[in-house]
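K.L.:
Sequence:
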Amino acid sequence: MAFQRGTFNTIAQTAAQFGGSYVIWARVRELYQGGGLIDHTKYAPGTVIPAGTMVKFNGAGKEVTIITADSNVGVAEVDTLTVLSGVTAAGNISIKLNGGTAKTVAVAEGDTPEQVATKIAAETYTGWAAVANGAVVTFTKNASGAVAAPVFTDTGTTGVTADFEVTVAGQAADGSNLTDVNGLIFEDVCIPDGCIHATCAVVRGGRIYADRVAGGGLPKSIEAQLPMIEFVRED
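Numbering (this note's numbering), first residue to last: 2 to 236.
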């Protein structure tokens with residue numbers, strides 16, 4: 002591929018080669034109208050997204066979701082609160098998860114760290130499960146995704162101290178759900194240095210050499226979802 006650059010009185014040209022010399026598509030009969038956009042910020046310069054890559058086409062001119070068989074399916078956040086000291090004066094403490102409304106927990110003078118942990122876990126936290134074990138409370142999110150840092154606060158002068166730790170950081174799924182695949186990229190897409198915009202054409206009907214697609218070929222499980230594409234298996 003040739004790149005031409007110029008600034009009024011000067012013209013410069015560079016060239017780059019990418020992709021393989023083998024055929025991926027034997028025939029292409031139908032493309033989704035309008036193509037789609039690729040979030041180029043996720044890829045280092047020089048990255049090649051190969052022809053035949055699985056995608057979820059979200060509509061003409063919209064960003065496609067790149068799907069790979071070994072992608073991250075998402076991680077649910079797990080936060081651990083360790084109660085370090087008991088109650089010296091009755092009052093309230095509060096727990097805030099994922100930036101939501103703080104949950105107020107009443108404690109009584111003389112409560113031990115273990116008793117405080119039990120009281121904290123007994124409250125209801127929407128979207129979370131709370132379990133006490135000794136002086137430790139484990140909060141587990143019921144869905145994957147990144148969340149805001151947890152916060153413990155002694156809202157009075159109870160004397161309770163506690164430390165929150167993010168045991169497992171929440172992470173959103175990044176398109177690994179193979180049931181979302183509804184098309185395959187037509188041609189190699191190279192992300193050049195200084196890229197500001199990337200697009201791709203998405204095939205919905207044709208004939209593909211499925212075992213030649215980079216990354217180990219296409220999984221057989223997607224074939225039923227793409228009835229207009231014929232998958233040729235050579236291995």
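Rather than coming from a laboratory, the hints here were simulated on the basis of the structure.
Quick caveat, the model's predicted, so the values are computed rather than measured.
Glycine included, C-beta positions come from ideal geometry on N, C-alpha and C.
Hints are not guaranteed to be accurate.
Per label pair, the in silico range of CB-to-CB distance [to be verified]:
1. T69 / P193: 30 to 36 angstroms
2. T141 / R28: 34 to 40 angstroms
3. A225 / A107: 51 to 57 angstroms
4. S222 / Y23: 19 to 25 angstroms
5. R28 / Q226: 15 to 21 angstroms
6. P228 / A123: 37 to 43 angstroms
7. L38 / L85: 47 to 53 angstroms
8. G216 / T89: 25 to 31 angstroms
25 angstroms max Cα-Cα, derived DSS-like pairs, lysine-lysine [what the hints assert, rightly or not]:
9. K104 / K120
10. K57 / K43
11. K221 / K57
12. K43 / K63
13. K142 / K97
K.L.:
Could you run down the list of hints and mark each one as holding or not?
P.N.:
Hint check results:
1. T69 / P193: 30 to 36 angstroms: With Cβ atoms ~22 angstroms apart, the hint is violated.
2. T141 / R28: 34 to 40 angstroms: violated, 49 angstroms
3. A225 / A107: 51 to 57 angstroms: Given range 51 to 57 angstroms: holds, Cβ gap about 56 angstroms.
4. S222 / Y23: 19 to 25 angstroms: holds, 24 angstroms
5. R28 / Q226: 15 to 21 angstroms: Between R28 and Q226, where Cβ atoms are some 19 angstroms apart, the hint holds.
6. P228 / A123: 37 to 43 angstroms: violated, 53 angstroms
7. L38 / L85: 47 to 53 angstroms: holds, 50 angstroms
8. G216 / T89: 25 to 31 angstroms: 60 angstroms Cβ-Cβ, so the 25 to 31 angstroms window is violated.
9. K104 / K120: The hint holds at about 12 angstroms.
10. K57 / K43: holds, 16 angstroms
11. K221 / K57: Distance ~17 angstroms between K221 and K57 Cα, so the pair holds.
12. K43 / K63: With a Cα-Cα distance of about 16 angstroms, the restraint between K43 and K63 holds, given a limit of 25 angstroms.
13. K142 / K97: This hinted pair holds, its Cα atoms lying about 13 angstroms apart.
Hint check: violations occur at hints 1, 2, 6 and 8; the rest are consistent with the structure.
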